[in-house]
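> The chain contents come next:
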Amino acid sequence: KQEVTQIPAALSVPEGENLVLNCSFTDSAIYNLQWFRQDPGKGLTSLLLIQSSQREQTSGRLNASLDKSSGRSTLYIAASQPGDSATYLCAVRLRDSNYQLIWGAGTKLIIKP
Amino acid sequence: NAGVMQNPRHLVRRRGQEARLRCSPMKGHSHVYWYRQLPEEGLKFMVYLQKENIIDESGMPKERFSAEFPKEGPSILRIQQVVRGDSAAYFCASSPIGLAGDSEQFFGPGTRLTVL
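In order, the protein sequence lines correspond to chains A and B.
Residue numbers for the first sequence follow my numbering, so the first one is 1 and each next one is one higher.
Residue numbers for the second sequence follow my numbering, so the first one is 114 and each next one is one higher.
Hint data in this document are derived by calculation from the structure and do not stem from the laboratory.
All of these numbers come straight from a predicted model, not from anything done at the bench.
We put the CB at the ideal spot given by N, CA and C, even for glycine.
Incorrect hints may have been included.
To be verified - Going by beta-carbon spacing under 8 Å, a handful of chain A positions derived as facing chain B: (1) P40; (2) L44; (3) A86; (4) L89; (5) Y99; (6) Q100; (7) L101; (8) W103; (9) G106.
As the list claims (entries may be wrong) - Calculated from the model, a selection of chain A residues having no Cβ within reach of chain B, i.e. all distances over 12 Å: (10) N22; (11) Q34; (12) Y76; (13) P82.
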């Protein structure tokens, strides 16, 4: 059974720092992995989607990597800003059921001005 | 092209009442997925529907919960005789392709259900 874990559960850093959020999954038979952002009381914004054949994806100050063999993904945020404060969720799409997303519980990020 | 729409955004019900959550997929999308997010937890898959068909309801509780996606109109997630444990955010997603292909799911803003 696929399980997705995100560490740390919460993170508070000063503005301007580079930071890394971690996501691990137990079964490497995934179709893709996706990082989302969730603002309090609001919906989900897709940030980056990495196909199983890819190693990384970049969008602006965000870079996500994927290492299927070790069951890990990282989300790197460069030069963090207070507007980056949110909960970051990762989700894997199963290969044998290629529509179901299995989610981590998220990392709550606070960027202090 | 409007995104996935959900209404209401907030819903308050007393124990024992019924809750109806609506989801209108993106234009051109015929596949809908419902997820539930309990407080401080990740989302959990509930059900996957295509027009007029339930494809996979393995994540939906057997009692009190039902879902439909009629030929015309939005998808409806219905919770009968709500209990406090049903309080959660319910997210709907849609995609243009279901079981095959490189289709991404696009999420709505969610409905936050509070059961008093």
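> Looking back at the numbered hints, which does the structure fail to meet, lowest number first?
Of the numbered hints given earlier, those the structure breaks are 1, 3 and 11, listed in rising order.
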